[in-house]
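2 protein chains.
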Amino acid sequence: MTGTAGARRRGRPPRTESADTRDRILAAAREVFSEHGYEKTSVRGIAKAAGVDAALVHHYFGTKEQIFEAAVAVAFAPALDAPEALAAGPLEEVGERLTRFVFGVWENPTTRTPLLAILRSAVNNETAAAVFRRLVSAQLLRRVAAQLDLPDAELRAELAAAQLVGAALMRYVIKLEPLASADLESIIRRVTPVVQGHLTQP
Amino acid sequence: MTGTAGARRRGRPPRTESADTRDRILAAAREVFSEHGYEKTSVRGIAKAAGVDAALVHHYFGTKEQIFEAAVAVAFAPALDAPEALAAGPLEEVGERLTRFVFGVWENPTTRTPLLAILRSAVNNETAAAVFRRLVSAQLLRRVAAQLDLPDAELRAELAAAQLVGAALMRYVIKLEPLASADLESIIRRVTPVVQGHLTQP
Numbered sequence: 015m016t017g018t019a020g021a022r023r024r025g026r027p028p029r030t031e032s033a034d035t036r037d038r039i040l041a042a043a044r045e046v047f048s049e050h051g052y053e054k055t056s057v058r059g060i061a062k063a064a065g066v067d068a069a070l071v072h073h074y075f076g077t078k079e080q081i082f083e084a085a086v087a088v089a090f091a092p093a094l095d096a097p098e099a100l101a102a103g104p105l106e107e108v109g110e111r112l113t114r115f116v117f118g119v120w121e122n123p124t125t126r127t128p129l130l131a132i133l134r135s136a137v138n139n140e141t142a143a144a145v146f147r148r149l150v151s152a153q154l155l156r157r158v159a160a161q162l163d164l165p166d167a168e169l170r171a172e173l174a175a176a177q178l179v180g181a182a183l184m185r186y187v188i189k190l191e192p193l194a195s196a197d198l199e200s201i202i203r204r205v206t207p208v209v210q211g212h213l214t215q216p
Numbered sequence: 015m016t017g018t019a020g021a022r023r024r025g026r027p028p029r030t031e032s033a034d035t036r037d038r039i040l041a042a043a044r045e046v047f048s049e050h051g052y053e054k055t056s057v058r059g060i061a062k063a064a065g066v067d068a069a070l071v072h073h074y075f076g077t078k079e080q081i082f083e084a085a086v087a088v089a090f091a092p093a094l095d096a097p098e099a100l101a102a103g104p105l106e107e108v109g110e111r112l113t114r115f116v117f118g119v120w121e122n123p124t125t126r127t128p129l130l131a132i133l134r135s136a137v138n139n140e141t142a143a144a145v146f147r148r149l150v151s152a153q154l155l156r157r158v159a160a161q162l163d164l165p166d167a168e169l170r171a172e173l174a175a176a177q178l179v180g181a182a183l184m185r186y187v188i189k190l191e192p193l194a195s196a197d198l199e200s201i202i203r204r205v206t207p208v209v210q211g212h213l214t215q216p
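Going line by line, the protein sequences match chains A and C.
Read in order, the letters of the first sequence are residues 15 to 216 in my numbering.
Read in order, the letters of the second sequence are residues 15 to 216 in my numbering.
Next up, chain A with everything else stripped away, as it sits in the complex (with noise of 0.2 Å):
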């Protein structure tokens, strides 16, 4: 991406084409961190994926913990909507809804590729841990957590994530036996008032 091309695109594109290459290197990037995790994942990398310069990548998205952010922040956009989801229904039902959504992601394999990704980064790399944190922490958990309206709420969030967590860690990626096999529906009755308990439980 030299000459012509490279040339054309310094300084600030106009505004459609700014968007189309933002999307354009944003789902490059999406792509080669799931590949490759945060570690092995350069800037020129994602770049080259994109067909585009590693400087372009720079100024829309500045460094590469950065646009692992930007990434995961796509990866976990439905997750996001998740809180708004788990609000619609009764305070008892909390449980089953996150339950259910939690295997809903893994059970998906589109959804479950960059969650995966992002969980082998941040068990793996400090700073895609942080990025992990910000966006599980503050975005998803403390809504949840909102919602209990206790004074515990955050950590009574966490430990019910922990169990959806491990549940899906053993199940999708370790593929322990017999919970890898398991039917599904047996193992979200299982966990269900498990998630709930700690959630609402005094």
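The hints are simulated quantities; they were obtained by calculation from the structure and are not laboratory data.
Some hints here could point you the wrong way.
No copy is singled out in the list; a pair is fine if it fits within one copy or between any two copies.
[Unchecked claim] Computed list of lysine-lysine pairs in DSBU-like fashion (alpha-carbon distance at most 35 Å, straight line):
| id | residue 1 | residue 2 |
| --- | --- | --- |
| 1 | Lys189 | Lys54 |
| 2 | Lys189 | Lys62 |
| 3 | Lys78 | Lys189 |
| 4 | Lys54 | Lys78 |
Nothing here was measured: the structure is a model prediction, and the numbers come from that model.
Model the placement of chain C on the given structure of chain A, informed by the hints.
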């Protein structure tokens, strides 16, 4: 390690030297796997850290996967005593014993480091995940399950482990707040009934 030392090691070394060398290789393997994870570790790298020839590493342990399994088995040795310890007490308290045991392992830096390396490797690599499955499932969880004497005991043990692994992951690896800084006893108090419930509740 070529020349005299290398030549002296060809063929089977005498018995005591053999045990020493084997231990030295195993210690080096644990260290190198802990630091770099399964994927980035090579047999050559382990041999170099142990100060021996790569052929000798293969001679004692076989493939990289087999070395990993041997190293993980050593790291898991305290955990493998757990089922006996867990059996030493009433079944109504097995949840608390298992919870205290797992958090005890994670609170202690000496046992946390190899465990973290295993978890990281298992999340990132299918071969390492298979080793994790074999050891955790066959050696640890099935032995816990055997004490329950219930038809779904293995699934129960796995869901209890999911709560514990998820909580450890969020507290010690992702360091999500307030969970990461919460008083250990308060966490144990909240997690124990969940673990007990998974294991023994009708």
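Inset, instruction - Go through the copies and call it for Lys189 and Lys62: within, between, both or neither, with a Cα cutoff of 35 Å. - result: Cα proximity of Lys189 and Lys62: in one copy and across copies (34 Å, 33 Å).
Legend entry - Alpha-carbon proximity context of Lys189 and Lys54, limit 35 Å: Both: 25 Å inside a chain and 22 Å across chains, each within 35 Å.
Legend entry - Intra/inter-copy verdict for Lys54 and Lys78 if alpha-carbon distance must be at most 35 Å: both (11 Å within a copy, 22 Å between copies)
Legend entry - Within, between, both or neither: Lys78, Lys189 at alpha-carbon 35 Å: Cα proximity of Lys78 and Lys189: in one copy and across copies (31 Å, 21 Å).
Checked against the numbered hints given earlier, this structure breaks none of them.
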